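Student: Residues per chain are reported as follows:
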Amino acid sequence: MKTIIRIMRPDDANIAGNVHGGTILKMIEEAGVIISTRHCNRQNEFTSESKTGFSDWLQHPCYHLCSCSTAEERCVAVLARVERTDFLSPMSIGEVAHVSAEITYTSKHSVEVQVNVMAENILTGVKRLTNRATLWYVALSMENVNKVVEVPHIQYGSPEDQEEGRKRYEAQKLDRIETKQRSEDIILPAINVDRQRKEPYTVGYSQSSLIHLVGPSDCALHNFVQGGVTMKLMDEVAGIVAARHCKTNIVTASVDAINFHQKIEKGSVITVSGRMTFTSNRSMEIEVFVDVDHVLGRPKEKASAVTAFFTYVSLDKEGKALPIPMLKTQTEDEKRRFEEGKTRYLNTKAKRMAGAQKDQ
Amino acid sequence: MKTIIRIMRPDDANIAGNVHGGTILKMIEEAGVIISTRHCNRQNEFTSESKTGFSDWLQHPCYHLCSCSTAEERCVAVLARVERTDFLSPMSIGEVAHVSAEITYTSKHSVEVQVNVMAENILTGVKRLTNRATLWYVALSMENVNKVVEVPHIQYGSPEDQEEGRKRYEAQKLDRIETKQRSEDIILPAINVDRQRKEPYTVGYSQSSLIHLVGPSDCALHNFVQGGVTMKLMDEVAGIVAARHCKTNIVTASVDAINFHQKIEKGSVITVSGRMTFTSNRSMEIEVFVDVDHVLGRPKEKASAVTAFFTYVSLDKEGKALPIPMLKTQTEDEKRRFEEGKTRYLNTKAKRMAGAQKDQ
Amino acid sequence: MKTIIRIMRPDDANIAGNVHGGTILKMIEEAGVIISTRHCNRQNEFTSESKTGFSDWLQHPCYHLCSCSTAEERCVAVLARVERTDFLSPMSIGEVAHVSAEITYTSKHSVEVQVNVMAENILTGVKRLTNRATLWYVALSMENVNKVVEVPHIQYGSPEDQEEGRKRYEAQKLDRIETKQRSEDIILPAINVDRQRKEPYTVGYSQSSLIHLVGPSDCALHNFVQGGVTMKLMDEVAGIVAARHCKTNIVTASVDAINFHQKIEKGSVITVSGRMTFTSNRSMEIEVFVDVDHVLGRPKEKASAVTAFFTYVSLDKEGKALPIPMLKTQTEDEKRRFEEGKTRYLNTKAKRMAGAQKDQ
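Going line by line, the protein sequences match chains W, B and S. Heads up: take any position in the first sequence, counting from 1, add 34, and you land on the numbering used here. Heads up: take any position in the second sequence, counting from 1, add 34, and you land on the numbering used here. Heads up: take any position in the third sequence, counting from 1, add 34, and you land on the numbering used here.
In short, the hints are calculated from the structure, not lab data. All values reported here derive from a predicted model rather than from experimental measurement. Take the hints with a grain of salt, since some may be wrong.
One copy or two, either will do: identical chains are not told apart, so a pair holds if it fits within one copy or between any two.
[As the list claims (entries may be wrong)] Cross-link-like lysine-lysine pairs, in silico, DSS-like; alpha carbons within 25 Å at most:
1. Lys181 / Lys232
2. Lys161 / Lys362
3. Lys161 / Lys214
4. Lys281 / Lys300
5. Lys161 / Lys232
6. Lys300 / Lys351
7. Lys300 / Lys354
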């Protein structure tokens, strides 16, 4: 298990000093991509080690089939999915973030990584858990990024651990397939930037959109955007929507599961749009859409857009949650989305209460 | 005259390796703000020096008479205007940029700074001029950023130099006043992000918009965005509009004069929108709008929007200008703007030819 | 001699507003790499000039004899060593750093660069020296980065200057060889991130480790990390160790000589670990280790680890040094390292006093 450590800087935070959720999501994904890429490339070592007749590597498929062409095949792990993530406590400028990652399950072609984020106040020595996230990566060949590569297995502490992992794998697979089908039907919202004429607290008043030209630093290991970069942009738009709605200091409270169906190439333009879908007394739900524009002339394929729901809360100076002005829905679609958001909100609340009871 | 030197990195450039015009504009403005802030704080020293004819610290009146009221008044230079700037030759990753600034004129409240940018290939030793820019700064009090402070005078090489400077000062002042009045009438364009349904080569197809949350590092010397940061964002949007239109490698060729009428505070959200107005055989003109949203609840005053025209060209691998697909105008407004762009294009061309003849 | 100038921004500094030593080390190295790469590519011109006594391009041998093999051989300077560096005075946000570099000695394959750093408060006009550093670069061929290239000679002011330079060259060479042998025996410390159970003021309590994925902008001139990037990461870890130990505002006071024995490729993961070795009444010494992990599966060669000692002090709001809690050593190794640190501390103190006496 390896840990990314980084001091939170002014640019990582809003002006109240709370670190952006997107900064944390980006660090989480960086830890994930390092551990899973490293694991997937252990392939060869395993092969050679297994010659000694020792250890786990006997189980490696490449050992038995010596013609296995993948021995030399270098690969990179690419983010396929992030499970729902809660932000338990806001981090501040000057605190040290500890992001530690562990591989907890491997299927034939994918790796599950669990990540813990701790915030440490190095002046007081106090450390607290701020996030726990689960990410799924697939391994792609370096020579041919359209080719999915086999992943070496890990050893489990017990057969139960493996069985639990398999169940998580099946569940996310189902959700991924379902989302992919749904996202093909998505019509991206037209975001009108002329907010001046809109009425406060309506959907149109706070909706926002940004574009980002994918640069080299967004793509460290290959020529595709790292998932964490996309998530950071998504959180940025969601945060602006939330701040425009309530005009107070806001922080990310949670992010629903996000599926990545499409690789985004260097030089593309990403459009990220957000609109508010639901407000409870103390929270706002923002739907975020990602669309990719392959600027440099590549024929535009039907893109599976990335979408996700971000939940934000507003905090006063003591960190207490403030009441949120209710969203004014105007069209039929807005009213329907509000009701759907309410259902998600109540489900999450019920699950949390069930979890709390189980913990007792 | 002082020089900023920096190696151009992958993040400063597009994927063809050409440094973004915005990166260069930001460096130009950083050089300008340093030299003019330094100059404006020489107030007392300079004033006293010019009175006594001695350049010694001991001669400073405040050194002896501590009641001098301006002695304690520190000020910062804030960008008010950038004159039209041509990008003579694209810079590349790995080259070293040399940005040198010089104060060439001072009025009662403003400073004119002329900046030269050279690109040096440190491998071949070849150095070439890539830009020449003229910036106007005003000095604001550190204690009260709404108070304009008097600027110490510079010494001119000759009375003609001073007279030439005065003419430039009057010309830019007129243009500033005129633009300010015009910009108060500007209705920001509604940018529809649902490009998929637009026809290629129309205005709607390539128009783009981004939002940026102003962070601490955008504001190093005070709590307001540095002009260079805004210009970098403007160039970013213009570049995306240009690339979407012609789908080839594009570079900034020139920027028309930009006036800054409004301070943008830390924590604000900047919306930058761009739309194509005109195409010639080998160039594209993009109009860029900046709008500020004081997210954190401050009552929104009538903002004077910043607007500017960026001209882009498209280059092939040998750096030769490629033909540009003609812009398809659809509405009456679009046709009118196309004609206005054509006038600007022909005027610039005529001036350049007149200049070339004069040089001969 | 050329100068890099840059405004210090919030992200360059800690929360007390003091610029990180690592930011300064990175700027120093950027100045060094520019001047030495430029010099090494003047090879032919300089060689011919010094022979003929003419500084004209026409005299260049390659101008006439196109077969000259080295004429086309471009090279880049790569950091091999930084001598011990003292931070004389902390820099603040909003100040302007001036980093000027000069080549002071050349051996057959290496270049010595001396760098001065001044901090300028552009509001008060006060300028002060904050650092003086000496760096050694070797020139590597652009075509084959494993090939060391010959370096053109410089002209010395006097034979004494050259002789002094030669002595510095021999001294650093000895130290480099010795360190390289030592570093091959180094066993990287296992950094246990579970600090909560550790007792305050022990070595285990403050030791820290970070990982960094090498991105394109860490490597501007070639595909290898610039030395300045590595030094910045080292300072970051050392600063975290120091802050954890004394829980007050800390700043870098000095860095011992650092030798770079290994090139670090783009896409690698760097692990930087730090542990406290010694405390005096007013200072802390932290040992920092750099280890490289070629994530993308390259068979791991036995790496010569980079190690260095950083000294930190703690400052109160007036910039006065605070007392440091004594380090609690527990194991035999920790006690031995403490004694070694004490020896280094006393040696440095003695040298400084000797220097001060000489200056009088």
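Student: Decide, hint by hint, whether the structure agrees.
Tutor: Hint-by-hint comparison with the structure:
{"no.": "1", "hint": "Lys181 / Lys232", "result": "neither (48 Å within a copy, 34 Å between copies)"}
{"no.": "2", "hint": "Lys161 / Lys362", "result": "between (40 Å within a copy, 22 Å between copies)"}
{"no.": "3", "hint": "Lys161 / Lys214", "result": "neither (39 Å within a copy, 38 Å between copies)"}
{"no.": "4", "hint": "Lys281 / Lys300", "result": "between (35 Å within a copy, 14 Å between copies)"}
{"no.": "5", "hint": "Lys161 / Lys232", "result": "between (44 Å within a copy, 13 Å between copies)"}
{"no.": "6", "hint": "Lys300 / Lys351", "result": "between (40 Å within a copy, 18 Å between copies)"}
{"no.": "7", "hint": "Lys300 / Lys354", "result": "between (41 Å within a copy, 23 Å between copies)"}
The structure does not agree with the numbered hints 1 and 3 stated previously, though it agrees with the rest.
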